[in-house]
Amino acid sequence: MASVANGLYGESEIRKFRRMTVIWGATVLLLLPILALLGYFMRWVQAGAFTQLRPEWFYAVLTLHSLGMVGTWFVGSMAGVSYLLLRYTRPSLAVSRLSYWGTLVGVLLLIVCTLGGLFGTGWYFLYPLPLMSQHVWQPWATFTFFLALAILGVCWTIWTLDILRAIARHYSLSAALGWNYILGREGPEVPPLVLITTVSLIVGVAGFVAAVLVIALFAARALGVNVDPLLMKNLTFFFGHVLVNITMYLGVATVYELLPSYAGRPWKINRVVALAWGAVLFLILFAYFHHLYMDFAQPAWIQKFGQICSYGLAVPAGVVSIFGTLALVYAARMRWTLASTLLFLGIMGWGVGGIAAVIDSTVEVNFHFHNTLWVPAHFHTYYLMGVVLIILGLIDHVGKEISGLEERAARSKLTVALLLIGGYGFLSMFYWAGAHSVPRRYAIYPLEVSQGTLYARIAVGFITVLLLGILLYLWETGKRCLKALAA
Amino acid sequence: MIQMHAFYVFLGVAGFLVAMFLYTAWSTRHAKDIDYHSAYALRRKLLLLVAAVLVLGLAMTLAKTPYPRDQDVPSQVVFVVGKQFSFGISASPITNEDEYLAATYSTPVQVTAGSLVEFRVTSFDVNHGFSVYSPSNRLIAQTQAMPGYVNRLRIRFREPGRYHVLCLELCGSGHHRMRGVFDVK
Chain A
106 MASVANGLYG
116 ESEIRKFRRM
126 TVIWGATVLL
136 LLPILALLGY
146 FMRWVQAGAF
156 TQLRPEWFYA
166 VLTLHSLGMV
176 GTWFVGSMAG
186 VSYLLLRYTR
196 PSLAVSRLSY
206 WGTLVGVLLL
216 IVCTLGGLFG
226 TGWYFLYPLP
236 LMSQHVWQPW
246 ATFTFFLALA
256 ILGVCWTIWT
266 LDILRAIARH
276 YSLSAALGWN
286 YILGREGPEV
296 PPLVLITTVS
306 LIVGVAGFVA
316 AVLVIALFAA
326 RALGVNVDPL
336 LMKNLTFFFG
346 HVLVNITMYL
356 GVATVYELLP
366 SYAGRPWKIN
376 RVVALAWGAV
386 LFLILFAYFH
396 HLYMDFAQPA
406 WIQKFGQICS
416 YGLAVPAGVV
426 SIFGTLALVY
436 AARMRWTLAS
446 TLLFLGIMGW
456 GVGGIAAVID
466 STVEVNFHFH
476 NTLWVPAHFH
486 TYYLMGVVLI
496 ILGLIDHVGK
506 EISGLEERAA
516 RSKLTVALLL
526 IGGYGFLSMF
536 YWAGAHSVPR
546 RYAIYPLEVS
556 QGTLYARIAV
566 GFITVLLLGI
576 LLYLWETGKR
586 CLKALAA
Chain B
1024 MIQMHAFYVF
1034 LGVAGFLVAM
1044 FLYTAWSTRH
1054 AKDIDYHSAY
1064 ALRRKLLLLV
1074 AAVLVLGLAM
1084 TLAKTPYPRD
1094 QDVPSQVVFV
1104 VGKQFSFGIS
1114 ASPITNEDEY
1124 LAATYSTPVQ
1134 VTAGSLVEFR
1144 VTSFDVNHGF
1154 SVYSPSNRLI
1164 AQTQAMPGYV
1174 NRLRIRFREP
1184 GRYHVLCLEL
1194 CGSGHHRMRG
1204 VFDVK
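First to last, the sequence lines map onto chains A and B. Residue numbering for the first sequence follows this note's numbering, starting at 106 and increasing by one per position. Residue numbering for the second sequence follows this note's numbering, starting at 1024 and increasing by one per position.
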């Protein structure tokens, strides 16, 4: 790797870092089918199976599935970016290990409080629901949940700060943010990976600060202090919005870094790219208001500003990166492999989900879509068919790079076909149901929206296809990862 | 119906994007060098086009937000309280537990079709989603029921009939069975 030549790392350190990356990748691959099965289970419940099941189980599984998926892909993208950054700088291996063990402990505690304690508030634990369970979950489950969040938050914040530190050792802040390109000044060449990671992680720190405030305010409430529910909602959605978005941006950063090697063309920063990601740094801080459109107590000008920022965010991050991907691949001597195909399709899925998200970020539309299945439709699109495909592509790339095991073209094509048919088929039922007013987060559909049961049954069929695709991917890429671990 | 309009807009734009990706992937069968200056010029045009579409979208939609305006005076006020796991809906204010129970179990409130109705929505416990479904089971309006705040949702009903209210904010294990009802005459 270039980092060895640059003298940033010794050969043995590089080996250790590679091994740590493969461990992260293997863990992500282990969690993926488990968490996907939880989602499969929920659609089965909504399809009318398991009629004897208490709905508390549905909401507990919902909480574990959503938090688990968001966390898994965040750490997956962080591990991937850390590995790719070795070409330019030197993140700490010890911090990566600390994050790994902290993540394992946090996940274990989440499993205990949800499946063991039926804690079922959804990923967003909207204040004051965790404290008002109607005796479904006990105070110990609430405590365990917040303990898990605190451990994950601390570890991920340290990891985020460490990567920023590593970047800062080799690039000044203005260089890392691409200001030289914007101002037309001479300066060091900055890879897009460094620019996007810097922007994402600065925003990430702000998100983690909001999460700390939420946990602290919950603790204050437990001690009898009055807490403003609207403030809590703002902080919670700011944190959630930031975490999900930076995960996607880190995924996009890996595409900027890896896809050129498959296309045989460079993908460099220029003024437009630097300006685009600079705009993201500002706009993302305010786009989260679209989560609170239905809180009419929030001043109307804030809501409108939220729509403007949400629309604005689509142009720099989305259009520039999507156009860049298309221009990179167009008529290129492309080396199509499982990894490059997934990276390419991941950007497409990110774009498709982004379109649905922009539509939903229109206040007038959100008035009819808020908390219907349109919402999981769009975020599953840019997650499942976006960042997940990108990270699966990245893991396959790394596994192949280290193990040297080549892929079988026919199996790769079948994997991609199953993922696309199963994934978009499953999502189509979310979109259709959302357009027909079916609510999200319902264990059982009441009479008014009973059509949701039929859509869930159709979705179950597509998820089965999707799971077959995931299993085939795991079989093929898993072999490469196992060999890479042994290397 | 706005939901289906949004759905078809999504299908159209997303379909175009997917077609672009497929075309690009197909183009790699016949590799050639590209002119970067032309690509940058195309990007500039595309950015301007997308920005223009989004500005047009903002211009068309920002004036149509559902938030109450001071110049509109509602002809009827309905009071709503959400509480795990039911909505109390009443023509008179609900200020305590007894009034909430009375509102929950009394005859459904009636409002008049064509007149502007204001729902003053709050919660006695956690966040709920006060979401109004028409007699044909379409979600026509919603706001959050939030502890400590009153959200004012104004609706001018066109279609008489029985309207159901579902909760669209996860509020606990009975979330899916939380409901309310009122009539439009």
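Accuracy of the hints is not assured; some may be wrong.
As the list claims (entries may be wrong) - Only pairs whose alpha carbons sit at most 25 Å apart, straight line, appear in this in silico DSS-like list of lysine-lysine: (1) K373(A) to K1208(B); (2) K505(A) to K409(A); (3) K505(A) to K584(A); (4) K373(A) to K1087(B); (5) K409(A) to K1055(B); (6) K584(A) to K518(A); (7) K518(A) to K505(A); (8) K409(A) to K121(A); (9) K409(A) to K518(A).
What the hints assert, rightly or not - Here are a few chain B residues that face chain A, going by a calculated C-beta distance under 8 Å: (10) A1029; (11) H1060; (12) Q1107; (13) I1178; (14) H1187.
To be verified - Just a few of them, taken from the derived set where beta-carbon distance is under 8 Å, the chain B residues facing chain A: (15) L1079; (16) E1120; (17) T1130; (18) C1194.
Don't read these hints as lab results, they were simulated from the structure. Heads up, the beta-carbon is just placed ideally off N, CA and C, and yes, glycines get one too.
Against the structure, the hints:
1. K373(A) to K1208(B): With a Cα-Cα distance of about 64 Å, the restraint between K373(A) and K1208(B) is violated, given a limit of 25 Å.
2. K505(A) to K409(A): Between K505(A) and K409(A) the Cα gap is close to 48 Å, so the pair fails against 25 Å, i.e. violated.
3. K505(A) to K584(A): Roughly 10 Å between the alpha carbons, so the hint for K505(A) and K584(A) holds.
4. K373(A) to K1087(B): Roughly 42 Å separates the two Cα atoms, so the pair is violated.
5. K409(A) to K1055(B): 46 Å, violated
6. K584(A) to K518(A): Distance ~17 Å between K584(A) and K518(A) Cα, so the pair holds.
7. K518(A) to K505(A): Holds: K518(A) and K505(A) sit about 17 Å apart, inside 25 Å.
8. K409(A) to K121(A): 49 Å, violated
9. K409(A) to K518(A): 45 Å, violated
10. A1029: OK, holds: A1029(B) within 8 Å of chain A, min 5 Å.
11. H1060: With Cβ-Cβ at 12 Å, over 8 Å, it is violated.
12. Q1107: 6 Å, holds
13. I1178: 11 Å, violated
14. H1187: 5 Å, holds
15. L1079: 10 Å, violated
16. E1120: Not OK, violated: E1120(B) not within 8 Å of chain A, min 15 Å.
17. T1130: 20 Å, violated
18. C1194: Hint holds; C1194(B) Cβ to chain A Cβ min 7 Å, cut 8 Å.
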